[in-house]
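These protein sequence lines are chains A and B, in that order. Mapping to the working numbering: the first sequence position 235 is 227, numbers consecutive. Every position in the second sequence, counted from 1, becomes a number in the working numbering once 22 is added.
Rather than coming from a laboratory, the hints here were simulated on the basis of the structure. Hints are not guaranteed to be accurate.
What the hints assert, rightly or not - Which residues of chain B face chain A? A few of them, derived with a C-beta cut under 8 Å, are:
1) L37
2) T40
3) Q42
4) E43
5) C50
6) M53
7) V66
8) A69
9) C70
10) E75
11) F78
Source: prediction; values computed, not measured. The beta carbon of each residue, even a glycine, is placed where N, CA and C say it ideally should be.
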Amino acid sequence: MTNAAAASPERFERFEGTSGYIASRSLVDAVNCALALERPLLVKGEPGTGKTLLAHHVAEGLSMEMDSWHIKSTSKAEDGLYVYDTVQRLNDARFGDGDVKDIRSYIRLGPLGRVFSAEERQVLLIDEIDKADLEFPNDILRELDEMQFTVLETGDEVVAKKRPMVIITSNNEKELPDAFLRRCVFHFIDFPDLEQMRQIVDVHHPQVEKKLLEQVLVKFYWLRDQKELRKRPSTSELIDWITALLRAGADPSQLEAEIPFMGALLKNEQDTRTIGSFLDRGGKPPTSFDDLKSPGRR
Amino acid sequence: MVFLEFFYALRAAGLKSTLQEWRMLLQCLEMGLHDSKIEGFYHVARACLVKSESDFDTFDLTFAQFFEGIEGVIEIPQELLEWLANPKPFEELTEEQRAALQNLDIDELMEMYQERLKEQTERHDGGGKWIGTGGRSPFGHGGEHPTGLRVGGPGGGRSAMKVAEDRQFSDYRTDVALDTRNVKLALRRLRQLTRTDGPEELDIDETVDKTCREAGEIELVFRPKKKNDVRLLLLLDVGGTMDPYFEPVSRLLSAFFEERGLRDFKAFYFHNCVYERVFESGRLLRSESMMTADLLRTYGERWKLMIVGDAAMHPSELNSARGNINPRMETDTSGHAWLDRLARHFDRSVWLNPDRPVEWAMSSTCRQVSTMFPMYHLSVQGIEEGVKGLVGARPAMVRPVMAPGSSQL
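Make the full structure from the sequences, and use the hints.
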C-alpha cells in the first residue's frame, strides 16, 4: 500500500459539516474516512439530495480551494490530466504566431492536473462520473491511485504535492467497475427523514412560519408517497417550492386546500396530470402527518 | 482479530468486499475514526466495505446478526424461502378449483396467507395449502420473497415484511426495480453499428494520412456516420396472467418507444400464445390486427424478435389445434406451431418472462416454450442478457428450463 496515511496515522483535520449543509452522521463519517485514507469519496443518491453541494461544503468546512470537473458523455480521462492543443500549434506554425518550438506552451492542465500541482491540499469534484463512457473510471484509476501522471509530449511528471480530497458523484446511470469501487470510500445519501428535512429547510428558509412549514412538509411527503409519480420531488425542489410560496405570500389555510405552484415540485408533465386529475376528481391531499402512511420515510 | 470473522460473514452473505477494502477499514479504525462507538464503526465499515446501496440491506442484516442487534429477524422468511425455492410441480387445477380461487378477493387471500404463515411449520408440497404458488396468484409472490418483489403482486405482503424487519435499505436491494431509465440503459446494448449512407463526419485518421501524402496541404476526408442497424420486433402477451406485470411491461414498452437509437421498432400484442393473428393494440381488436403469416412475410429474418410473456397457459392452449382461448379465433394450427415458425423465421429471438425463474419449471408450457426461445427474466439483468443474446455472439443452443426433479440435460 502506497498510502501516506498507512505509514503515518497522524491527526488530520476533520470535517464536521457546515452551517449551510446538514450532513447526517454517516455522511460525516464517510467524508472523514476518505480524508484520512486519502482516497476518493464516491457519493450516490437520488437527484436533488445534495451530492454536488457536498463538495462545496467540504471545501468550505476545511477551508480548502475547490476545483470541479463536470463529466459529459464525451469526456475522456486525458481531458482531466492535460490537453495538448495541436490545432493551436498547427495554426501558429502556419501563421507564425507564438512560440511553436516550446510544446509546453500548448499543454493545458485539466482539473486533475491543476489540483495535483496546487501547493495546498484541494478538493476536486468529479461530477456525474456515470455520464461518461463505461471505460472512463478505469482510465483515471491509476492517476487517482498514485496521484501522478506523465505528460507524454514533454516527459514532464506531474506529481501531487498534497493528495487532493476527491469527491465523485454518480447518478447510477452506469455500473462502475469493481476495481474502481474498491479504491473508493462509498456513501449513499439517503433521502432525509422528517427531522433532517426540518433542519435543512431551516438552513435555507429560517423565516418560514411554523404552521406553513407543517403544511408544506405534509404535502411534500404525501407527494413522495405517490407511487404513480415518475419523478418524485426531492429536497432541492422542496426548497424552490418554499421560495415560491414565500414570495407569493401563501398562508397555511391556502395550502390546506390546494397545492399552489405545483410546477416547482413536479417536473414531469405526466406527473402533473396524474396529481392534477386526482385533485380535479375532488381528491384531497392530507393536511396532517397522521393521514400519511409513512411520514418521513423515503 | 474478532472483526475478521465479521469480514468473512459479510463475504458469506454475498458481499464482494475485498482484502484491500478490509485494510482500508482497519486503517480507519487505527486512526480512531469510529470514535469507539458501535454507530461510528457501522458507518465507517459500511463506507469502506460496501460500494452499492443495493448491498446496504445485506450489510445491515449481517451486521445485525453478527453484533446481535436484531435477533431472529430473518428466520421465518429464510425457511420459507428455502421451501419455495425448490417447489414440486403441482397438479393442474380443475375448473371448479380455479373458479374458487378467482372468487377470493385480495384481502381474503392475504388473511389466509398470514394464517398459513403462522400455522405452517414444515414443508407442504402439492396439497391444497399450496394453491397460489404456481405463479398465478398475487399473494404467492408476496410471501415467498420478502425483499425483492416489486414486480410481483400487490404490495400488501411486502409492507408487512418490511415493517417487521425495518431494514431501511431493502428498497434498494436487487435489480428487480425496473424503471424506464434502467431499462433504457439495458437496451443501450442493442447496437450493431454499421456505416451506410447518410450524413457525413470528418475522418481524422484518413485526413492526417491524406494530408501527409499531399505533403502538408490539408485534405479533408469525410465518411458516413456510424448508424445503428438493429430492427426490433416486440410481441407482448397481455391480459389474464400477465395483468400483475402491467407495470414492468409498460416500462419496457415505454423505454422502447423513447429509445431513438433503433433503426426500426414495431410492437404487436397477443393473448396467452401467438396464433394466426397478432394485434396492433392491447385491446386485441380484430380490426386492428395482422395475420401472423403476413407478419412473417413483412418482417425479414434480420429483425430481432423479442417476446414478452409468462408462457404459462393450459397445455391445450399451446398444443391443441383450436387451442385459442378465444373461441371466435380458433384455427386448426396450434400455438406451438406458430411459435415454432416464429423461432425458425427470425435469425435471433429471445423470450422475456416476468415470472421469477424458479417458477418457470412449474409450468409445462413454459418448459416447452423455453426449448424454442432462449428465455430470460424480465429484470434489468435479464433484459441485458437477452439483449446480448440478440446482438452478441450467437448462443450455442437454447437451454430449456427443466422440470423440477429431472436431471437430464
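Comparing the hints with the structure gives:
1. L37: At 12 Å from the nearest chain A Cβ, L37(B) fails the 8 Å test, so the hint is violated.
2. T40: With a minimum Cβ separation of about 6 Å from chain A (threshold 8 Å), the hint on T40(B) holds.
3. Q42: Given a least distance of 5 Å, the restraint on Q42(B) holds.
4. E43: holds (6 Å)
5. C50: holds (5 Å)
6. M53: holds (5 Å)
7. V66: holds (6 Å)
8. A69: holds (4 Å)
9. C70: Check passed: Cβ of C70(B) comes within 6 Å of chain A, closer than 8 Å.
10. E75: With a minimum Cβ separation of about 4 Å from chain A (threshold 8 Å), the hint on E75(B) holds.
11. F78: Holds: closest Cβ of chain A sits about 7 Å from F78(B), inside 8 Å.
The earlier numbered hint that this structure contradicts is number 1, and it is the only one.
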